[in-house]
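Each chain, written out:
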Amino acid sequence: DAGVTQSPTHLIKTRGQQVTLRCSPKSGHDTVSWYQQALGQGPQFIFQYYEEEERQRGNFPDRFSGHQFPNYSSELNVNALLLGDSALYLCASSLVAWGSPLHFGNGTRLTVT
Amino acid sequence: AQKVTQAQTEISVVEKEDVTLDCVYETRDTTYYLFWYKQPPSGELVFLIRRNSFDEQNEISGRYSWNFQKSTSSFNFTITASQVVDSAVYFCALSEADNFNKFYFGSGTKLNVKP
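Here the protein sequences line up with chains V and G, keeping their order. All letters in the first sequence, in the order written, are residues 27 to 139 by this note's numbering. All letters in the second sequence, in the order written, are residues 911 to 1025 by this note's numbering.
No lab work stands behind these hints: they were computed from the structure. Heads up, some of the hints might be wrong.
Pairs of lysine-lysine residues, derived as PhoX-like cross-links and limited to a Cα-Cα distance of at most 25 angstroms, are as follows [stated by the list, open to error]:
| id | chain 1 | residue 1 | chain 2 | residue 2 |
| --- | --- | --- | --- | --- |
| 1 | G | Lys-948 | G | Lys-1020 |
| 2 | G | Lys-1020 | G | Lys-926 |
| 3 | G | Lys-1012 | V | Lys-52 |
| 4 | G | Lys-1024 | V | Lys-52 |
| 5 | G | Lys-913 | G | Lys-1012 |
| 6 | G | Lys-1024 | G | Lys-913 |
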């Protein structure tokens, strides 16, 4: 039973560039959420996708956008990268039911120079 | 305001000691879920337990136990007879019924278990 997989593992970008991160959810899960985890901090909610639509969004600018595909996989796009975007980006999948625990991938470490 | 507070930034213990990780939460909802996650150096957050706000029974699972007290808005996690493999960052999280798509995580407690 495959868990949540994310790619790439690490990424180095320059300020102003754009980046796309990818996520495949755990088998049987239909909901994908993205979180940003700065060093030494807890994960912060970016947004959640269900049925190919953004269902909820956290306090992140429009530079952060996403997509969910019919096979439930998802992408996170960040435009006009800033140094402050350097973080671990975690994808989590779950069922849409309230109380369903999030299952996380290993994350993508993004470094912006 | 922080919805989930983990006041202990880092704890160091010697193997076989018991250790308790504190979690205090804040919510106006009467219906919510609380969670604990473990994050080893690999980065993946591993789900440990969830507790519904209507269920204040404490739970024990092997060396792990959880104490949920609504009166003090706390959901503490105890590891009995700690082992080196328990070394990780532990996060407490809150999911409210009115906003259940979004999990609020604390800042985490780094546990170092020394042999």
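Consistency of the hints with the structure:
{"no.": "1", "hint": "Lys-948/G <-> Lys-1020/G", "result": "10 angstroms, holds"}
{"no.": "2", "hint": "Lys-1020/G <-> Lys-926/G", "result": "17 angstroms, holds"}
{"no.": "3", "hint": "Lys-1012/G <-> Lys-52/V", "result": "18 angstroms, holds"}
{"no.": "4", "hint": "Lys-1024/G <-> Lys-52/V", "result": "34 angstroms, violated"}
{"no.": "5", "hint": "Lys-913/G <-> Lys-1012/G", "result": "12 angstroms, holds"}
{"no.": "6", "hint": "Lys-1024/G <-> Lys-913/G", "result": "31 angstroms, violated"}
Violation of the numbered hints given earlier is confined to hints 4, 6; the remaining hints are satisfied by the structure.
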